[in-house]
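Peer 1: So the chains spell out like this:
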Amino acid sequence: MKGLLIKDFRLMKVQRSFLILMFAVGVGLALFTEDGTYAIGFPTFVISMFTVSTISYDEFDNGNVFLFSLPITRNGYVAEKYCFGILLGGAAWLLSSAIVLIAGIARGTGALTELCFAAGVDLPVMLILLAVLLPVQLKFGGEKGRVALLIALACIILIGSAGIKIADMLHMDIAALLDGMPVPSLGAVLAAAIVIALLLLAVSMGISTSVMKRKQL
Amino acid sequence: MLEISGLTKRYGDFTLDCTMHIEPGRITGLVGQNGAGKSTVFKSILGLIRTDGGSIRIFGKEQGELTISDRQKIGVVLADSGFSGYLTVSDIIPVLGNLYPDFDRQYFENQAKRFELPFRKKIKDFSTGMKAKLKVLAAASANAKLLLLDEPTVGLDVIARDELLEMLREFMEKDEERSILISSHISGDLESLCDDLYMIHAGHIVLHEDTDVLLSDYGLLKVDEKQYAGLDRQYLLRVRREPYGYSCLTNQKRYYMENYPGIAIENGSIDETVTMMVRGKEV
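From first to last, the protein sequence lines are chains Z and G.
If you count the first sequence from 1, you need to add 15 to reach our numbering.
If you count the second sequence from 1, you need to add 568 to reach our numbering.
No lab work stands behind these hints: they were computed from the structure.
Hints are not guaranteed to be accurate.
Below, a list of computed lysine to any residue pairs in the SDA-like style, where the Cα atoms sit at most 20 Å apart [what the hints assert, rightly or not]:
#1 K690(G) with L26(Z)
#2 K692(G) with K154(Z)
#3 K692(G) with K17(Z)
#4 K742(G) with Y675(G)
#5 K681(G) with M698(G)
#6 K690(G) with I21(Z)
#7 K699(G) with L82(Z)
#8 K154(Z) with G615(G)
#9 K17(Z) with D672(G)
#10 K154(Z) with N77(Z)
#11 K692(G) with S68(Z)
#12 K692(G) with R25(Z)
#13 K17(Z) with A106(Z)
#14 K230(Z) with Y675(G)
#15 K228(Z) with I617(G)
#16 K689(G) with S32(Z)
#17 K681(G) with A728(G)
#18 K692(G) with L82(Z)
#19 K690(G) with F75(Z)
#20 K689(G) with V29(Z)
#21 K28(Z) with D693(G)
#22 K228(Z) with K692(G)
Stretch by stretch, here's where chain G covers chain Z in the computed footprint (C-beta under 8 Å, at least three residues) [said to hold, decoys possible]:
#23 19 to 26
#24 71 to 85
Only some residues are given here: those of chain G computed to face chain Z with a beta carbon under 7 Å [to be verified]:
#25 T635
#26 R639
#27 Q640
#28 G653
#29 L761
A virtual CB, placed ideally from N, CA and C, is assigned to each residue, including glycine.
Sequences and hints are given; from them, build the entire structure.
Peer 2: This is the structure:
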């Protein structure tokens, strides 16, 4: 796995300017907005998504065929992609959280609770994004992957709309239902979100492994 | 080292049906036209495609049972695939160093300099020759026991081909237990390099012979109608109609030289043998 990780970190050089720009945007957001969720989330999501680009770089010019003739396994390849995504996204998340914290202190508006909430929301979202995008990219590749994602998004919107319609037809007040639910502590909600995101990531990794095992190169 | 028994793979109308043995200490060539099934054989050996039957044993193990450590003893060059074009030679050195525990970094760097491969240029901007040299060099530097080389010389000029073949000879000289399976549709490359040759046509192995035997015992008899009528045909492998009469492939050239001094007999080159095996009729 170490060899593959080195390859992916070396591939980051290709997008060096883009990654530096995203980091600069993150710093800008931290300095000029007070929305911590956005200031941490934007660079975290964009930078972690580079993992998906490394799959495209691997596939470039039929490169996958050679890659899988090297002493690696398909399971190992999938594990490395998730590991790389978590490392990259995690580093971006930590760094942007630190910048937002420093910017908040410098501005004199830095409330630690708000920062923890913002950072705590962005981390599971980043993990869920990886969990969705990695198997789609491995299964469909670049072009088809984008179409598959749009279809998946359309399906989610359609299911959501249908749910609301059905609730309306059954005269259910979803907002009232949510308001009536017991309010757990913020920490518990975030911890639950992270656990759910990690579970989704594990399921996603299983799907990706199965996709790669079936792939004929 | 490598045993392929009754390997079958179907793609629509095409069926690969192949049995081959690659012995330790030998360079075995696989020669055939484009589309004959050479790359399918390589992909099957490497487990890149699912096969429909037969068995592939490498180092005494079934292909599917190979461990990472076994696969670290195999160096690979594929004709239509290589390192990501976005990487540089400098990038792939630590990658190979981590994938192959016996990777000879010093040898790799020295040879890369000798071949004038730029270390900091993206591989996608390399010339065809540079890409081919890099692929063979990477495979040879892994200190592997078995090299699987699918068309490593494709698209190369004569000098670059010669340099690559020299590198392969050096690879073999370092350890007498090493083996190479190399495919090419340029038979001249294989003639000077290989100990034995398999000829593949339309997915089937049509001939397996030691290169020395092929070059010394195989020949083409050029005969007219009358000579053909009086010819002992028991040592003829293939016959082909020609404007002057018949062209006949034999694996007993001396027999005909001694018993039919009047007929024209040419030494069998690999190209001619392949052509006759493919286009000629069985006797």
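Peer 1: Would you mind marking each hint as holding or not holding in the structure?
Peer 2: Now the hints, each set against the structure:
1. K690(G) with L26(Z): holds (11 Å)
2. K692(G) with K154(Z): violated (25 Å)
3. K692(G) with K17(Z): violated (24 Å)
4. K742(G) with Y675(G): holds (12 Å)
5. K681(G) with M698(G): This hinted pair holds, its Cα atoms lying about 12 Å apart.
6. K690(G) with I21(Z): holds (16 Å)
7. K699(G) with L82(Z): holds (15 Å)
8. K154(Z) with G615(G): Holds, at about 19 Å.
9. K17(Z) with D672(G): holds (18 Å)
10. K154(Z) with N77(Z): OK: K154(Z) and N77(Z) at ~15 Å, within 20 Å.
11. K692(G) with S68(Z): With Cα atoms ~17 Å apart, K692(G) and S68(Z) stay inside 20 Å; holds.
12. K692(G) with R25(Z): The hint holds at about 15 Å.
13. K17(Z) with A106(Z): holds (18 Å)
14. K230(Z) with Y675(G): Since the Cα atoms of K230(Z) and Y675(G) sit roughly 35 Å apart, the hinted pair is violated (cutoff 20 Å).
15. K228(Z) with I617(G): holds (10 Å)
16. K689(G) with S32(Z): Between K689(G) and S32(Z) the Cα gap is close to 18 Å, so the pair holds against 20 Å.
17. K681(G) with A728(G): Answer holds: K681(G) to A728(G) is near 15 Å, not above 20 Å.
18. K692(G) with L82(Z): holds (16 Å)
19. K690(G) with F75(Z): holds (13 Å)
20. K689(G) with V29(Z): Since the Cα atoms of K689(G) and V29(Z) sit roughly 12 Å apart, the hinted pair holds (cutoff 20 Å).
21. K28(Z) with D693(G): holds (16 Å)
22. K228(Z) with K692(G): violated (28 Å)
23. 19 to 26: holds (count 5)
24. 71 to 85: Check passed, 13 qualifying residues.
25. T635: It is violated, given that the least Cβ distance between T635(G) and chain Z is near 9 Å, above 7 Å.
26. R639: Check passed: Cβ of R639(G) comes within 4 Å of chain Z, closer than 7 Å.
27. Q640: holds (4 Å)
28. G653: holds (5 Å)
29. L761: violated (21 Å)
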